[in-house]
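**Q** Residue numbers (the working numbering), protein chains in the order written: chain S, 1 to 479; chain Z, 1001 to 1479.
Hints are computed from structural coordinates only; laboratory data are not their basis. Wrong hints could be hidden among the right ones.
For lysine to any residue, the following SDA-like pairs were computed, each having C-alpha atoms within a straight-line distance of at most 25 Å [claimed, not checked]: (1) Z/Lys1462 with S/Thr118; (2) Z/Lys1276 with Z/Phe1172; (3) S/Lys88 with Z/Ala1390.
Protein chains: 2
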Amino acid sequence: MVVGEMAHERDVIIIGGGPGGYHAAIRASQLGKKVTLIEKEDLGGVCLNKGCIPSKVLTQQASRWKQIERAADMGFIVESLSLNNEKKNAYRARIISELRKGVENLCKANKVEIIKGTAFFLSENRVGVEHGERYDIFQFQQAIIATGSTPERWQGISFDGNRILDKWSISFLPTIPEHLVIHGSDVISLEMAMAYKTLGAEVTIIPNRESLEFGFDSSIDREIKRIFKKEKITIIKESYFLNALPLENGVQVIYFSNGLEKSLDCSHLFISTPNKPNTEALGLERLGVKMENDGCIWVDSKCRTSITGIFAIGDATEGHGLAVKAIKQGKVAAEVICGLPSEVDLRFLPQVVHTIPPIATVGLTEEAALQEGYVVRTSQLPLSSNGFAALSGKKDGFMKIISEQSTDVILGIHFIGEGAVELISSGTLLLEMAAREEDLTFSLQPHPSLNEALLEAGEQLKEMAIHLAPKNHHEKVKQ
Amino acid sequence: MVVGEMAHERDVIIIGGGPGGYHAAIRASQLGKKVTLIEKEDLGGVCLNKGCIPSKVLTQQASRWKQIERAADMGFIVESLSLNNEKKNAYRARIISELRKGVENLCKANKVEIIKGTAFFLSENRVGVEHGERYDIFQFQQAIIATGSTPERWQGISFDGNRILDKWSISFLPTIPEHLVIHGSDVISLEMAMAYKTLGAEVTIIPNRESLEFGFDSSIDREIKRIFKKEKITIIKESYFLNALPLENGVQVIYFSNGLEKSLDCSHLFISTPNKPNTEALGLERLGVKMENDGCIWVDSKCRTSITGIFAIGDATEGHGLAVKAIKQGKVAAEVICGLPSEVDLRFLPQVVHTIPPIATVGLTEEAALQEGYVVRTSQLPLSSNGFAALSGKKDGFMKIISEQSTDVILGIHFIGEGAVELISSGTLLLEMAAREEDLTFSLQPHPSLNEALLEAGEQLKEMAIHLAPKNHHEKVKQ
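Produce the entire structure from the sequences given, and follow the hints as far as they go.
**A** In structure tokens form, the structure reads like this:
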């Protein structure tokens, strides 16, 4: 095969059709490029087909279930509530299929060429693509690597997707487990614990750190523990996961706790292993692409790798393995390719957890702000002080704001409670626009609304919230 | 009685304990004033006891009911769902009572003196207060009039609170009406139509204007009509309400339509009459307080009336009869009294409607922007293009943004759809901070989330939304 003769010419080649990849493809196409998107499995990638979307379907189902369970509070009588597993699973399958078709149609409408195949670099401007019996070579002006990541497989653990589950299989259990043990303390661990517990499972968490922290502002970490305790989700503290052995109808989990090796039999085990970037089979060594120590591709703020014309985005690069990051990087890479002055700035990346109630945070935690040398002011407004939270029967949680004392600039916003996800965008915008406390406290918020809790958390930075008693009169929210 | 001898001295007297009044009282107290709050009925005022809170309890109950009704979509089986009126009403009573106690406790904790009585001005620095057998005179340094408003009573209509209802009684129906006719097209009319329809009533609306408009951006008005039609809420177009006659077990509504007088028998009639300010029995003429034509008290942006030392806020003054306005004015009046440079600026006042789905808007409508001479850019992003809306089964509605073409400054944000209420705060903050399109499109939004619809509506101003097919490929959302 004479490569020179065979190479198909393209403007932009994107390897990987997850959220980062398809956002990049559509944006580049919007800006006038001829784009080819190479995906070896399904468009939408892990996020749509195995990760974010299926897990969010499950958390939404759990959230709906909870609403029904609590119906009596509001005067409704539900004679019998039960779960039809077949229909529950069909709902998930339908949503995934609809969203995937949506992405396919969008790519088509934007004239993005889709090739189902496996791509690897032949040189700095050529990739080979194996698809079925065929092998093609594409010459590109620019390429974007958007190959994502894969959960690590631990030696000796048989992730069978049936009893022992990873991030990709945990949302697809055909029935609600009798007893789910979760080894992990990340977002997906918290979401799956709450969702399956709500839907009827017994849930036990073996965190993966010595002291149990979930990585949020410590006030949020404490509130999670309080709510999990209330929901009877067991957290085994000071424990180290050791091993998992298949049983006939379940799993034996071996762990170390208080100086002793212990075991726990359960029906299902979910291990939230860290992800590793999918950068191994791309021929990157051949090109001398600069890598990070952990197998991630080094990129600058314009998503450029060390090789001119080759970009990388999403989980294949350093940083939070969040779709929002991949999406932003995808759009920036496309825009940079098309000559725009775009840059990625992840300082104000929101993090969201779909527990019940949800969590959403953006900016610095109090701990991080102090560590960075800020002299801070903080406020914490319990949702129990909010009229709308009261009338909708959702008073768990609070809003916490951190600002810099000398400038009043808002540094971080941390919510746990109803409405947190939608309200976090206010926080993101405040931080992005370098807002000061008065930008928030000046704003008009509908009454009654959860939004008022955000306003009052802002006022409380100067101890001026209306719905919190003055300090000498009330026990401060426990820190 | 020698007035001079009897007068009790106070710093600040506030007449009316609704949201405006109690926010003013607590804020003035936070800033060091001795405050006396005079309320003739219950603390919390109409908003807490008769208006916003009871109506929001009902809309939340309706919203929960809908969630349960739709449970089958997600694979849940609810054998029988029914409504226990006694418990439904007890829920409302409990919430109102809890919130009222909350306000009472906050006033106490802030050392606000509460007097249950009726106040009227004796002079520019004295009020008389009748409470029970007692009559007291208070001398004040500043007074704030926060007496609110009352729904108009129309001659010949017997608002009995049983079959013929006003804004204050509509949320308190002991059972779900068989057939509720609503004469009105304001926020409360829309909320009650949707809530009672959802909970099982037949609902017919006789709007109170010739051409049916709800006063929102015309795109929102159209979407409301579409959704109401889908929900089988009947709107009688081109109709004029004429009269209502009590029947033995209902009401006969007489109206004019298509050149003919017609009648409609129903079980209940709600007439959303306009409110008139409660400014008549306060002795304001005596002082020569400057009034507006409609009985409202004239105030400047610091809530000062024409008489030094006397302030007025909320529904007793001109403008939207919204608690958010009263609350803002209450805080501003208190701050001005305490020497702070606060001002009321209502340009970016959010409006919220708790229909299913909810509506929330802030800033200029497209029509208003054009009328003000702006050359605008607009975008409209249907929620059906949003992954989170799809997976939570709530795809009705859209987000519309209006910006100024020459400057990219955002002028108005209009949502109808799930999450609208919480997301509107992003809109409010964007407008308040004079954000340009790029301030929105630069922001990072969690994935998947409803928040992404806001981001994409921002991108769509330049036709760059990822999840909308390019214009030549899709039928534009019908305008």
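**Q** Mind checking the alpha carbons of Z/Lys1276 and Z/Phe1172 for me, to see if they're no more than 25 Å apart?
**A** This hinted pair holds, its Cα atoms lying about 21 Å apart.
**Q** Straight-line Cα separation of S/Lys88 and Z/Ala1390 no greater than 25 Å?
**A** 15 Å, holds
**Q** Under the criterion that the straight-line Cα-Cα distance not exceed 25 Å, is the pair Z/Lys1462, S/Thr118 satisfied?
**A** 34 Å, violated
Consistency with the previously given hints fails for number 1 only.
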